[in-house]
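In the order they appear, the protein sequences are chains A and B. Note that the numbering used here has the first sequence beginning at 1, numbered continuously upward. Note that the numbering used here has the second sequence beginning at 1001, numbered continuously upward.
The reader is advised that the hints may include incorrect statements.
[Stated by the list, open to error] Result set (SDA-like, lysine to any residue): computed pairs, CA atoms no more than 20 Å apart in a straight line:
| hint | chain 1 | residue 1 | chain 2 | residue 2 |
| --- | --- | --- | --- | --- |
| 1 | B | Lys1226 | A | Gln97 |
| 2 | B | Lys1226 | A | Ala98 |
| 3 | B | Lys1147 | A | Pro186 |
| 4 | A | Lys42 | A | Pro186 |
| 5 | B | Lys1226 | A | His187 |
[Said to hold, decoys possible] Interface residues of chain B toward chain A, partial, derived using beta-carbon atoms under 10 Å:
| hint | residue |
| --- | --- |
| 6 | Cys1058 |
| 7 | Met1154 |
| 8 | Ala1157 |
Rather than coming from a laboratory, the hints here were simulated on the basis of the structure. For glycine and all other residues, C-beta sits at the position ideal for the given N, C-alpha and C.
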Amino acid sequence: MLRFYRSTVGKKILMAVSGIIGIAFLILHMLGNLQIFQGPAKLNGYAAILHGPLAEVVLAQRVVLLVAVVVHVVMAWQLTMRARAARPVGYVERRSQAATLASRTMRIGGVLLLVFIPFHILHFTTGDIRPAGTFTPGNVYGNAVASFRIPWVAAFYVAAMIALGLHLYHGAWSSVRTLGIAGPRPHPLHRPAALVLALALWLGFTAVPVAIALGWVR
Amino acid sequence: MKVTLRVWRQRGPGAPGRLERYEADDVSPEMSFLEMLDVVNEKLIAAGDLPIAFDHDCREGICGSCSLMIDGVAHGPMQGTATCQLHMRSFADGAEIVVEPWRARAFPVIRDLVVDRSALDRIIQAGGYVSVDTGGAPDGNAIPIAKAAVERAMDAAQCIGCGACVAACPNGSASLFTAAKISHLGLLPQGQPERYRRALRMVAQMDAESFGGCSWFGECQEACPKEISIDTITRMNADFIRGGTVARADGSR
Ligand code: HEM
Ligand code: FES
């Protein structure tokens, strides 16, 4: 167990598992959010179920997610430091041949997500950050509409979702490889399934702030 | 043709180094990159200067001795080609070419463009072998092996251990090298008894040599002169994971 944790492969496996837990949560979270297009009653009703009969499930899920995020970030940090140490003297000239934008922005995009996630929780879960000045617990629909009418709030969420989409375009593909469960491929760098997943999540999450900012949902 | 070289010169391990300019005036497009360096070196020697040190041996792309980061690409611009098989026709007349050694903490510079790659040998020593009992030689073809497994094992076995994967990897990871060796043996029946122990030990040695981890950038696969696939790394991880559970049960730790 200790040997597993100490190795770069073991650390990366922990990242992959925690990342996949995150993806699973995000799929549910996005489907929940999209109910905003079915009106306030539907969305606020869903929130009431989550906080009523399903409250214990939600609590358990929060604990799992918190552990996953901590593991993910700590492993990301350690692996990044190891990678830095592995090349103390860099190249004068270096040309990338294969690495995608998504793969090269995993670390910086991850940092943006690390800023976004606490903001997002303080904004919509606890209501400690109130860009619109008001926050009504339980009125998820109203809180979202009031916030995303403010251009910078919508813009911040849209930017964070670009980072998320890129992170998942690489992560959804790389995690199954890290876990050793992807079969051999003629073109291993092609990743249609990860593209579909990342696009779906990106569109699903971006749709809400954009629709409100443009006045389609009010 | 004419080219201008900017070559990393460094007297010895730990000595300061820098890029030096050299003009190579009568280069034939048919020369290999190393032949071009030979010509530059002849002139340096004639002028009483120290020749540029670089590694080479077979010059036919099979030994893994040659290296060089050429214009920021391991083994230069030709895909699937080692530097010794790269020809000057791949460069434009008048081009300026930057030549640097492989860069990794595990590959200290010995002199100029020569680095110490013995870290890769130690990874092999940690498990890149099959143990064979003594006795009569087995009959040829006595062990049936599936065609697909043979093909994939032989693809991985093409690794010549040049270290281009490490040089090209933004993390300085030796995953492709280690995975190629693990896949090559692990796909064949002869490699089964030590399969999971091999993965655990070789990964542990890879880490001990202070290489970085894999982030799936895919740079190694593009740089590899033998075009070894990153699928081997998936396989290495699978064997590593099973090694943590299966190996203990069969006592093969
Ligand atoms: C909270 C801030 C986050 C940070 C700092 C972060 C950082 C990183 C980094 C640096 C990597 C690449 C590691 C490497 O290749 O060496 C990575 C991979 C990954 N991340 Fe994140 N990430 C964060 C959030 C998330 C979230 C919210 C999810 C999922 C919903 C996620 C899913 C993944 C997945 C699936 C991988 C791929 C793992 C693999 O290749 O095996 N990450 N993350
Ligand atoms: S010198 Fe042998 S592979 Fe290039």
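Going through the hints against the structure:
{"no.": "1", "hint": "Lys1226/B x Gln97/A", "result": "holds, 16 Å"}
{"no.": "2", "hint": "Lys1226/B x Ala98/A", "result": "holds, 16 Å"}
{"no.": "3", "hint": "Lys1147/B x Pro186/A", "result": "holds, 17 Å"}
{"no.": "4", "hint": "Lys42/A x Pro186/A", "result": "violated, 46 Å"}
{"no.": "5", "hint": "Lys1226/B x His187/A", "result": "holds, 15 Å"}
{"no.": "6", "hint": "Cys1058", "result": "violated, 25 Å"}
{"no.": "7", "hint": "Met1154", "result": "violated, 14 Å"}
{"no.": "8", "hint": "Ala1157", "result": "violated, 15 Å"}
Consistency with the previously given hints fails for numbers 4, 6, 7 and 8, ordered from lowest to highest.
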